[in-house]
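Asks: First to last, the sequence lines map onto chains V and A.
When we follow our numbering, the leftmost residue of the first sequence carries the number 12, and every step to the right adds one.
When we follow our numbering, the leftmost residue of the second sequence carries the number 12, and every step to the right adds one.
The hints are simulated quantities; they were obtained by calculation from the structure and are not laboratory data.
Beta carbons: idealized from backbone N, C-alpha and C, even for Gly.
You may find that some hints are simply not true.
[Stated by the list, open to error] What follows is a set of in silico ranges between Cβ atoms, one per label pair, in the way DEER data are often shown: (1) 175(A) <-> 239(V): 54 to 62 Å; (2) 239(A) <-> 102(V): 43 to 51 Å; (3) 186(A) <-> 239(V): 45 to 53 Å.
2 protein chains.
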Amino acid sequence: MQAPSDRWNLTRVRISCPAVLRAAALLPLLLLTGAHAAAPVSPDTVAEQLREAALAGHSVAYAWVSELTTRFGPRPAGSLNEQRAAEWAAARLKALGFDNAHVERFPLTAWVRGSESGALVGAVPQPLVVAALGESPPTPADGLEGDVVIFPSLAALQAAPPGALSGKVAMVNLRMVRTQDGAGYGAAVEGRTEGPREAAQRGAIAFILRSTGTDGHRLAHTGTARYAEGRVPIPSFALSAPDADQLERLSALGQIPRVHLFSSASYRSDAYSQNVVADVRGTKKPEEYVLLGAHLDSWDQGTGAIDDGAGTAIIVGAAKLIRDLPHRPQRTVRVVLFGAEEVAQPVKPGGAFGGHAYADGHRAELERHVLAGESDLGTERVYAVELPAAQLHGDFATRLQRLLAPLAILPPSRSPEDAGTDVGPSIVAGVPAFTLDQDATHYFDIHHTPDDTLDKVDRGQLEQNVAAWAVLAWLAADSDLNFRSAGALPPPPAD
Amino acid sequence: MQAPSDRWNLTRVRISCPAVLRAAALLPLLLLTGAHAAAPVSPDTVAEQLREAALAGHSVAYAWVSELTTRFGPRPAGSLNEQRAAEWAAARLKALGFDNAHVERFPLTAWVRGSESGALVGAVPQPLVVAALGESPPTPADGLEGDVVIFPSLAALQAAPPGALSGKVAMVNLRMVRTQDGAGYGAAVEGRTEGPREAAQRGAIAFILRSTGTDGHRLAHTGTARYAEGRVPIPSFALSAPDADQLERLSALGQIPRVHLFSSASYRSDAYSQNVVADVRGTKKPEEYVLLGAHLDSWDQGTGAIDDGAGTAIIVGAAKLIRDLPHRPQRTVRVVLFGAEEVAQPVKPGGAFGGHAYADGHRAELERHVLAGESDLGTERVYAVELPAAQLHGDFATRLQRLLAPLAILPPSRSPEDAGTDVGPSIVAGVPAFTLDQDATHYFDIHHTPDDTLDKVDRGQLEQNVAAWAVLAWLAADSDLNFRSAGALPPPPAD
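Between the sequences and the hints, there should be enough to build the whole structure, so can you do that?
Replies: Printed below as a string of structure tokens:
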């Protein structure tokens, strides 16, 4: 790994390189007319053309996310809307000229939000903005009521002795930190995933969470709580940040906040979800795959524009630009639009989620998956790239760096620790991973809220993402590099 | 009226004037210790001290709006919360040393929001974020359903012939313009007030409105629709801006949006609201009043922090600084916290609103009200001041301008056309009006939404407001000026 000072020097050199300026004047028209170049075009020149075509707005990305979110709205895992969206996506990918576009179903126990409400009760009642956490069980039909015990963090809740919360409503009031790289979410999200179990173990009748988010709107950030012994143990809710502040201030005024909570959430054990798979078939080694992933399902409060309609638009947009090249790459570029990502659980009875279903269903192909990446962090710009250790240094990284520098992306300096939920099971099975790291500064203002709608998609930044994905996917697919290690790939199956 | 170029020159002169710098170093400590100055202090010096004390954060304003909104939350007209808040306010004003602090009740038919929902129906259902407009009647118990006809403006709806909307849901999709002076609201709000009646006259079964607001959140801006023949004729709803966009895009895709709407709103004819009145009694002419108004009620979705908890905080904060002066002003400074402002109607059966109740109940005193103003536009800074024509030019305006210039407030250049809803009936009865014009650039992002909560109050800007109000109220109250005309005031009543 290079020292930070080296990285900055390299960056400056690249940004001042004349190639950067030349690239901006290159030949997207050649690409768009579909005319074959008179002379052979180098792979890096093709990458430049892909990049400039994306930046010029010639990808289908924005139209894709607009139509997806408009026609199908929210697409919760296992819902009719998710299924219809998947059917549409497969048909649309086929119409766009993708090969092998199809839907792969898998069974699922679907969680269904019902009616829900929260309120401060007592002498001066006040409504509260709440959203049941995903997988959270319903309350009794007339709701439940209890005094709220506020903990500043999950750790503080965990420090409470057994029985300490008997008959109470436990609340974790951790304020999420705004960061560029999403580290603030990582530091806060355990409150949501583990809080219900920890509260239940101490006798709490319900759990409420200051939303894991960075905004100040009266919108609660939902998300999945983790199972304990096969279920989320108690009714659990996210509370909007201003409502959490209100409870905190009431406590400071000497009142014990007492709340009424209601949810009629339910489960459907006969549901299904699906992955949508489509290929840009490679010319020389079609049995080798560069996998681009994103998820088609969304939380139910918004229309899943930034999470993750945008991700599906970015990878479809990039792959379609590659599809339309005069000369397609040697390897196959595979697009997978995963289902049911939002309800992923380490252990989930009654069904898997898309990432597991794909890895299980394509187990025999996985060793021929040369590289995989996932776009699932909204539409802010890519600012860094991470590569598998086998190719973190050397010619591929150097070429990639030169091609991404005009997009204001830092040189590769490390390998992914976590490339995403959906490609995770494939990566565990040995598929090498890359990441194109997006700026997450504003993502968690909107993430998992009703505010996740098309108007939040920044078209210019979306196109910068498409450009980066097209460049990386093309370079990897048109190479014969091994991203696993220095060794050669095993021979293709006899088939 | 001065030409704009003159005004700018004047502003620059004032801002560069050494008095501005001297003012910042003046004697808030003298004020705060309550010590009597050894030498007589000029009224303008007292005004400077008031201003600097406010800017230094020594007013009760922030604590007031924090406690009001935390303890009582939403305070819709006629509600228990509004009543409790009024009782608290009167007691708190008494404790702060105000004279004559009391509550004045008036009858009201209260509108009560019930459950409500909206959804796109059909092959791919989608929930919609709606809020019933104030005073809007309920739907049938199982809701209503209809195809949506979208009009880009109220004028376009008005151009539809009678019967054209039979069985339909009419929608006005006007986008409100963001402006500093609130003109965008003025240009848009008729869609809300008149839309229901215009839609009903053409046969519509319901009315939906693109929220009259400037934000892009999934929060609907409620507000009152106008009566036609004593009632709002059809169920009427505001729709969040992203939802309105969604309906528009679905139409563009060739679909006719069909919606299901439900509201169980109701009315209570035996309700009451109240004004809270409190005085800083004048030393020489206590029967002459400078009236500072704001409203204590709020819409029910938020906690009424910027509309209008902040206004009540600003006028109470300013009046309390005057109350604590070593020498109080000659005239009485009266604070009125009005009730039921949000449901003000030109003609309202079954009850009045606070502004009418005050003007009616204090009719005999009104001719001794020398000046009145109202704070009801949030917490952004004051940037201009308007004075009654009788004092728009001359010594008072010049002194005021010098004292407000350090707060970055433009010189007075015109007289109010509309000084506010609550002081309106008093002004119609002849009371001269001033306005301290707040920057409204961001106000309508939040106005009438669930987002109107304490965290939206900018404390620094709140204190700039307090400073401006304290200066103006003090100067007017410690003078013997007639703001009605050049003539003298009538003699006080025999009592």
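Asks: Take the hints in turn and mark each one as holding or not.
Replies: Now for the hints, and whether the structure bears them out:
Hint check: residue 175(A) to residue 239(V), Cβ distance near 59 Å, so the stated range 54 to 62 Å holds. In this structure the hint that residue 239(A) and residue 102(V) lie 43 to 51 Å apart at CB holds, the actual value being about 49 Å. Take residue 186(A) and residue 239(V): their Cβ atoms lie about 48 Å apart, and the range 45 to 53 Å holds.
Of the numbered hints stated above, none is contradicted by the structure.
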